[in-house]
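Asks: Sequence:
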Amino acid sequence: MSHELIIITGEDSGDLYGGNLAKEIQRLYPDIKISGVGGRQMRSVGVDIICDVANTTSV
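The sequence shown lines up with residues 2 to 60 when you count with the working numbering.
What the hints contain is simulated information worked out from the structure, not anything from laboratory work. Just so you know, even glycine gets a beta-carbon here, dropped at the ideal spot from N, CA and C. Only true hints are included.
Pair by pair, the computed Cβ-Cβ distance ranges are:
no.	residue 1	residue 2	range
1	Ala55	Lys24	15 to 23 Å
2	Ile51	Asn21	14 to 22 Å
3	His4	Arg41	18 to 26 Å
Put together the whole structure using the sequences plus the hints.
Replies: Structure (structure tokens):
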């Protein structure tokens, strides 16, 4: 069974936490596919970024 996860962040600090979360989840579940709304940090750990937070604003 394959596992998929989506992590959604709204700004840079969320991207930092999302990247750390994704890295730990990948350590526990090496075959998981993670996608998300994030930035450089999440992308650097292998998250498939579907929307970059650098191009958005949120309140």
